[in-house]
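Trainee: So you can see what is in the structure, the chains are spelled out below.
Protein chains: 2
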Amino acid sequence: MAGGKTGRFTPDELAARLSGLHPDLVVLGPSELAGRHPGEHPDNLACGVMAQPASTAAAAALVAWCNENAVAIVPQGGLTGLVGGNVSHQGEVILSSARLNRIVAIHPAEMTVEVGAGVPLEALQHAAAAHGLTTGIDLGSRGSATIGGMVSTNAGGILAFRNGVMRHQVLGIEAVLPSGAVFSDMTRVVKVSAGPDLKQLFIGGEGAFGFVTHVVLKLEPQRAHRATAFLGVTDAASALSVIRHFRSLPAITLEGAEMMWPRYIHDAAALKGFDLSWLEDGAAALLIEVSAETVEKAASALEEGLETLWEPLALKGGVIAQSLDQARKFWEIREDSGFYYPAVPNAPSFDISVPPTYLDAYVAGLEARLKAIDPSYAAYVYGHIADGNLHLTLIKPGPLPEDELLAVETAIYTGIREAGGSFSAEHGVGFEKRHAFEAFAAPEKQALARVIKQAIDPKGLFNPGKVPF
Amino acid sequence: MAGGKTGRFTPDELAARLSGLHPDLVVLGPSELAGRHPGEHPDNLACGVMAQPASTAAAAALVAWCNENAVAIVPQGGLTGLVGGNVSHQGEVILSSARLNRIVAIHPAEMTVEVGAGVPLEALQHAAAAHGLTTGIDLGSRGSATIGGMVSTNAGGILAFRNGVMRHQVLGIEAVLPSGAVFSDMTRVVKVSAGPDLKQLFIGGEGAFGFVTHVVLKLEPQRAHRATAFLGVTDAASALSVIRHFRSLPAITLEGAEMMWPRYIHDAAALKGFDLSWLEDGAAALLIEVSAETVEKAASALEEGLETLWEPLALKGGVIAQSLDQARKFWEIREDSGFYYPAVPNAPSFDISVPPTYLDAYVAGLEARLKAIDPSYAAYVYGHIADGNLHLTLIKPGPLPEDELLAVETAIYTGIREAGGSFSAEHGVGFEKRHAFEAFAAPEKQALARVIKQAIDPKGLFNPGKVPF
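As they're listed, the protein sequences go chains Z and U. Just so you know, the first sequence maps onto residues 0 to 468 in numbering that gives the first Met the number 0. Just so you know, the second sequence maps onto residues 0 to 468 in numbering that gives the first Met the number 0.
In short, the hints are calculated from the structure, not lab data. C-beta atoms are modelled at their ideal positions from N, C-alpha and C, and glycine is treated no differently. A couple of the hints might just be wrong.
[As the list claims (entries may be wrong)] A few chain U residues facing chain Z, derived, Cβ under 7 angstroms: (1) Q199; (2) G204; (3) E401.
[As the list claims (entries may be wrong)] For each label pair, taking beta carbons as the anchor points, the in silico distance ranges come out as: (4) Z:E295 with U:V343: 21 to 29 angstroms; (5) Z:I372 with U:A56: 51 to 59 angstroms; (6) U:R101 with Z:A438: 26 to 34 angstroms.
[To be verified] When the alpha-carbon atoms are kept at most 30 angstroms apart in a straight line, the in silico DSBU-like pairs for lysine-lysine are as follows: (7) U:K271 with U:K458; (8) U:K370 with U:K328; (9) Z:K458 with U:K444; (10) U:K328 with U:K271; (11) U:K458 with Z:K458; (12) Z:K296 with U:K328; (13) Z:K444 with U:K444; (14) U:K296 with U:K328; (15) U:K370 with U:K395; (16) Z:K370 with Z:K395; (17) Z:K296 with Z:K328; (18) Z:K458 with Z:K444; (19) U:K370 with U:K271; (20) Z:K444 with U:K458; (21) Z:K395 with Z:K271.
If we strip away everything but chain Z, and leave its shape as in the complex, we get (with noise of 0.2 angstroms):
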């Protein structure tokens, strides 16, 4: 593997050695990364070498270079993600996409956008908004993380529901390949039957198939006029019930709907002073966002869909946003997940998904799952409810001896392949996901995922040591 292995240059002389290789290539040494925040994880910088190359034939030419030298890459964009997917080594050199940052072309009568991988999903949603558009797919780290990472692992975030994921926003991509070549299918158009669609291989690659450059993404119309809630609720069901009402409502958009169980909730609001007096005792929060032709039409959807639910769904409370302001802190309290990170450093968190029917019995296992283990385990449960995606932290510091997080990951993962879920939904598999990978996946799909990763990187050289091959 050649991730784990110190490489025969120094930093400072791949530094040196990479200088040079082409006019748009600006190459960072140990001490021009010093002191940088790393990102997520604490060793995304440990090689010490960035390459960052302003345009794909930059991107190609120290590519080639490190396959001719056998140099592993490591491709980094917004350095957002939660599973070390970024994670480097001596020896390795960081392929990162930071000056692939141009907006290339809007294009507004077909709903699309041409984009460099380094572009972070706000600054893309600034630009689209001013042609009255904006992306399908919005997550809470949008001011960070870049379109290419978002490609790498399949980002979904709180539009999924209703749009899919990024490979269903993904029209074209342009990426280098192991080689040195370059790749390129910038298709405009959603309609492709032209041979196997190949740059599928990137979306959720997580970097082990090559370097994506430029994206073309689907844009859609924005919608501005908004009504935010929280409601109480007993339980997924009766959230799924919620979300179905308004997603019935002909005039309706719902934009978001997140679920947050009642240990969530309660920590989160203490923690940032929110007032929780509207929800009943150990309820779960269900926040729902929706768009209409007028703020007032969304409002009235609202108040309207509070009124015929409240009984039939047995509700535990419920409040509107009465401004933009107040719809920003309910947004806050599900967004800023990592509130409880100081109280409980490192705690182990999972990011899995299940068919939104099986919710309610899978937290349930669950829990019993974790009491088994240790009487005193509870996790923070939290997430996508319309589509099945759920965040779990377990309330305990990390990191976990080994086999207590062998336990763990057994309790949290077992059955979910099963039910037709993923054990990793929208976060990839990276550094800390590679034994769930290897205990979780289906064997066969490891099996063909090592001879296509053998074919196209025959070295090992894009971002080893992460999703095993």
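Following the hints, complete the assembly by docking chain U onto the known chain Z.
Mentor: Same frame as chain Z, but now just chain U:
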């Protein structure tokens, strides 16, 4: 190339050897296949042996035997493919999905379905209708096209502008790999980021990477309250403005937008005795269908739309269907697009996509390029206008001499990739678009396709002679 050679077994020998491989396997030999309709290509059944597994295990047993004995396999569904992707040769065996025809489970609350690959689209639509649901994809050949075939060609159809293509509808796939191993990824959720998503290879893979046995698909709510109109338009730009109008109405869903250029609508209407008195001479026809809460609301949206758009878009006529029967007749004009074959047998036909804003320039350029080859050349032009998908038929009996076909292909395909379109939008490559793939697909894509084909199917046994590898 395995597809060209004659195998070492006669069809009767092959049928005899395959029979009894698995209890769920039915094998038909030359005598049973004699006189069967071969579907869209006369050579589909030419190999004379068809294996019909009723389970994935039976398909796997068949494939394992073929792998061991180096017998090539031609996967077949409903035989509605238009590019010869199902053509078989002596020595090969057809692997048919005909008996994988069970709708395994519909999950109404999740709006998903698990379905055998051999289920025809329309049968699935009927089954889903019992739950108020339907498929998010629809196409003219719904009566015979199977789900497995639609996966293999990444089918598009009339709803792709809104819901995407088959790739966007598929959640899970089970398939038999060329080795005989079973790849099972029957995920029922949209959010998956658990390593490379290798089931994508089977979508649009045209049977080159394995045989799809079962599929999980998204479903969507049925919208039965509809209204249908024909409008006269001067060009695609006007048609796209009409489409934008109806897509912007909050209480209306656009269900179809099909454009027929003047020559097509006139000849089709003449042949079918369809009244065109509403359409100004020389105008194109745009078929629009919308749904709403009630049939009345749908119809008045069309009436108001006609009124609003008439002057600004200089519409060239309009007629709203007054009954379901009349709406069906409107659709027949578009869906019975083979009307011209009796007059021009084997007329060369093409299926391309370009970014919608490029449609008018493309069609004008195409007409000029065709006339430059032969001043008598003309084409029928029609298609799924909202996603830029055009069907083109040269009004001349085929097959053309090779050099003439090459000139016509060059006229049709040149510049499409550079414009962000595709030389095959929804029909696949098959046997007939091999040359186009070699001439017009990006060289690096072709090279990568060969690498992956070699890795997955090193003996080249799956659907040889089709997409060139």
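Trainee: Each of the hints needs a verdict: does it hold here or not?
Mentor: Hints versus structure:
| no. | hint | verdict |
| --- | --- | --- |
| 1 | Q199 | holds (4 angstroms) |
| 2 | G204 | holds (5 angstroms) |
| 3 | E401 | violated (21 angstroms) |
| 4 | Z:E295 with U:V343: 21 to 29 angstroms | violated (58 angstroms) |
| 5 | Z:I372 with U:A56: 51 to 59 angstroms | violated (37 angstroms) |
| 6 | U:R101 with Z:A438: 26 to 34 angstroms | holds (32 angstroms) |
| 7 | U:K271 with U:K458 | violated (50 angstroms) |
| 8 | U:K370 with U:K328 | violated (33 angstroms) |
| 9 | Z:K458 with U:K444 | holds (20 angstroms) |
| 10 | U:K328 with U:K271 | holds (9 angstroms) |
| 11 | U:K458 with Z:K458 | holds (24 angstroms) |
| 12 | Z:K296 with U:K328 | violated (39 angstroms) |
| 13 | Z:K444 with U:K444 | holds (23 angstroms) |
| 14 | U:K296 with U:K328 | holds (21 angstroms) |
| 15 | U:K370 with U:K395 | holds (13 angstroms) |
| 16 | Z:K370 with Z:K395 | holds (13 angstroms) |
| 17 | Z:K296 with Z:K328 | holds (21 angstroms) |
| 18 | Z:K458 with Z:K444 | holds (21 angstroms) |
| 19 | U:K370 with U:K271 | holds (28 angstroms) |
| 20 | Z:K444 with U:K458 | holds (20 angstroms) |
| 21 | Z:K395 with Z:K271 | holds (20 angstroms) |
When each numbered hint is compared with the structure, violations occur for hints 3, 4, 5, 7, 8, 12.
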